[in-house]
Amino acid sequence: MIDIQTDKEPILVYDAASDVVGSYQSEFYTALWSTFDVDHTDSVEELAAESTASRYAAVVYRWRSSTIEDLVSVLDRLPEPFSIPFIVAGPDDPTAVRNVLVTAADGYVPVGAESADKLEARIDTETPMSKTAGAEAVDTSALHEAIVEQMQDSAWVLDSELRISYVNDRLIERLDLSASDLIGQPLADVFNETLLEGPDYGRFERGLQELLAGSREQFRIQLTHHPDDAPTYTTDVLARPYRDSDDEIVGIVGIGRDITEQLAEQRRMERQNDLFRQAEQLAAIGGWAWDLDDNAVEVTDQVYDIYELPDSFDPTIENILQYHPDPTNAVREAFEGLRSGEPADLEARLRTPAGDHKWVRIHGSPKETDGEVTEIIGSVQDITERRRLETQLRENVDSLRQLYQLSADTTLSFADRIDRVLELTCDRLDLRYGVLSTVEDDRRQIVSVHGDHDRLQPGATAPLSESYCRKTIQQDSLFSLENAPEEGWADDPAYQRLALDCYLGGNIRIDGRLYGTLWFADDDPREQSFTETELAFVEVLTKWVSYQLERRSTESKLRELQETTQEFLTADDDEAVAELAMEAAAEILELPLTALWKHDDEDDALLPVTQTEEADAHFESQPRFEGGEGLIWKAYAMNSVVVVDDVQAEPDRYSTDTDIKSEIIVPVQSYGVLVTATLEQREFTDLEVDLLRILAASVSAAMVRVEREVELQRQNDRLSEFTGYVSHDLRNPLSVAQGYIDQVKETGNTETLAAVERAHDRMQTLIDDMLLLARKGEVIDMVGPTNVETIAEWAWESVDSRDADLEIEGELTVEADAPRLQQVFENLFRNSVEHGGPELTITVECHDDWFAVADDGHGFEDGPPRLDSETHESESGLGLSIVAKIVEAHGWTITAQDGPDGGSRFEITGAQPVDPEAQTEIEHADSEPSVDH
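Numbering-wise, my numbering comes out as the position in the sequence shown, counting from 1, plus 253.
Any given hint could be a false lead.
To be verified - Cross-link-like lysine-lysine pairs, in silico, DSS-like; alpha carbons within 30 Å at most:
{"#": "1", "residue 1": "Lys887", "residue 2": "Lys914"}
{"#": "2", "residue 1": "Lys914", "residue 2": "Lys851"}
{"#": "3", "residue 1": "Lys810", "residue 2": "Lys851"}
{"#": "4", "residue 1": "Lys724", "residue 2": "Lys796"}
{"#": "5", "residue 1": "Lys620", "residue 2": "Lys724"}
{"#": "6", "residue 1": "Lys914", "residue 2": "Lys796"}
{"#": "7", "residue 1": "Lys914", "residue 2": "Lys724"}
{"#": "8", "residue 1": "Lys810", "residue 2": "Lys887"}
{"#": "9", "residue 1": "Lys796", "residue 2": "Lys851"}
{"#": "10", "residue 1": "Lys810", "residue 2": "Lys914"}
{"#": "11", "residue 1": "Lys796", "residue 2": "Lys810"}
No lab work stands behind these hints, which were simulated from the structure alone.
Please build the complete structure, drawing on both the sequences and the hints.
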């Protein structure tokens, strides 16, 4: 029973599969086509009864068998006319679609996810769905035959209303759409703006309308398609009207062939032909053909251009040969050989009708027919420019060979070489004058000149503003004038001064800096521009002259540096070496802003030593560089040369507020750093860096020599001191020994010989200690806990005390070198004995951290002397000089004072007291006073 269940637009679904029709099937259709109220039936009779009613928007036949017979049998049982759309729902297959649409069915939708939308579109179409165009009258076999004939291309059929009624698989694939998306659709809906641009579609549709109107039998058009997600392609479309059995036009059948690649190839061929034409023009190549049957010759326009022939010229072989004056008849013989089948390829001189001379290359290839030469195809190329360049290149090679010979000739001076080069180049360029000049301070000065001109003489100067050189130095390449007056120089001071009509010049640089110019000129203008080979030769020449000057400058600087190195050998001290280095940097290396720093090991800093005079004038003072400061410290720490072309761009620069723009920092081995700077940003040459490195190495060697000589002087001084010390300190034990010996002689008592032996031991100890210390360059040796009063007693035994008495007050143990401390007491005791007078009492005072030696004698005649390591014998006597050095070597201080009750007093402070129990046993001076450490 059919029952409309909802308010949605109703449709009736006929499904012959009665075993699946039911509530499940009804739910399936409702789910599939959710926008419709779906009724269903499996009875053809019910379908026929309902088809005449207006209660359904459409009838949908669920075509399961995919056989056309089943569909036709259903249609045959339906009443006519069928008042509502009859739409078939089946598989999405082009063959099935075509089979359905040649029947009386009104439309087709594929079964699938989009079935509802497509069905709604079919029902809502304003124009009632009609059967396939001419469905009742179409001869399907003829249609299929037409399709099969065109299956290699896209094929389609339109009805009389320009609806698509058939498409083949190729078109479906090309458009990337399904058959149901196309069949039944108006052509305009498919070929919208996304596939075919408006103007193209307009022309396409007008042509189709003309076919339907019968005003033309075929229509051909090229259409360019623009898919959204695919490359653009072009189709060549051919369409014809399709007629029924009554010869009425009922549609259009068309085919489309993809010609995208064909058009691309065509465009490529056109481009290639265009390139060939351009190449022919650029290469000056013309073509010719000679027909031997009638002796006719055909030539291209380029041949006329090469030979400079008038349009009226009759191109025969004889007429062409008259423009090749060849005493050897090589051209004529080549053409005769072509007749015999011999290919030709030769270069020949050409004389144009105007009398100008050219060079051409003639090429010919014989073509045979049945073994006989019947035609010759050839070409002719203008090679005049190539031959001219070859000639110039040969001249360049010859000139360069002569230039090399000049360089290798050691018998020539530099001035002679330059003179020869100027002469050589003037001959090469066919110009009168060749000049090498310097440019400095806006003036040009001539160094060397070739040619006779009153104002061009060696040493002559002129303002740069009155010379073409001012233009030359403004550019990197050569500057040339072929005709100065015509090129706007007639009123220029440079032209008015020398009246040189043509000029060619380039810059000369030494170590990257402008030296001057090398130029060639003439009083007369030049008929032709300077050629590329001429320009290239002069360019090479400027480099050669620059190199020669640079080499001469380098040799001169090296020679002067060597002389400075010899002066380093005679410098008295490091200050003299530093000053010589600054002079060399400024005058020899031409680096006026140069300075020297010395590394201080104690402070670990780079301390300023000296700088050049110009640096003094520009900078107030040399800074001190602490560890890690600036690029200078970086170079010193890395012990490598640092070249900075742009100081302002360096994040590690010492000061952000500096005028320095570029600098070279060179470590001076074992000394410090040598730095040169500029106030303008520039790139230092490798030569400048190398020369500064050589200077730094020389400074390093000189500083090492000076330091060695200073050390040798110190050693000599120490040896002198040693001699004085030995002679001085040996006097006491020697006097003591002599006294005891005298007693033995007088009394015959040999017991006093033990004292003599101790005196001799003391002398041996003094000699050994002083030799050791002299070799070590030190005053004291090992220190340890030492009892002051014990050492004082031993010292007293070694001194000729005469009638003096010794008193020791208090106790004190200090860190000291015992033998040297004994020397201190010996010399102080001896000083008191010698200067204190008779009945002298000497007192040794021991306190907590200091001790003193005092006497009650006459005291100091001229006041207490100053005692320190710099005290000389002339100031205080040798004994006190020895005392001062030993005390200071211990880190103590000794002060000479007048005693409170007269006499002299020596206080020694700064001693480090130690626990007496820590004292190690000290041997008596009989053998060698020492501390056992």
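Against the structure, the hints come out as follows:
{"no.": "1", "hint": "Lys887 - Lys914", "result": "18 Å, holds"}
{"no.": "2", "hint": "Lys914 - Lys851", "result": "23 Å, holds"}
{"no.": "3", "hint": "Lys810 - Lys851", "result": "25 Å, holds"}
{"no.": "4", "hint": "Lys724 - Lys796", "result": "19 Å, holds"}
{"no.": "5", "hint": "Lys620 - Lys724", "result": "61 Å, violated"}
{"no.": "6", "hint": "Lys914 - Lys796", "result": "28 Å, holds"}
{"no.": "7", "hint": "Lys914 - Lys724", "result": "28 Å, holds"}
{"no.": "8", "hint": "Lys810 - Lys887", "result": "29 Å, holds"}
{"no.": "9", "hint": "Lys796 - Lys851", "result": "41 Å, violated"}
{"no.": "10", "hint": "Lys810 - Lys914", "result": "25 Å, holds"}
{"no.": "11", "hint": "Lys796 - Lys810", "result": "21 Å, holds"}
When each numbered hint is compared with the structure, violations occur for hints 5, 9.
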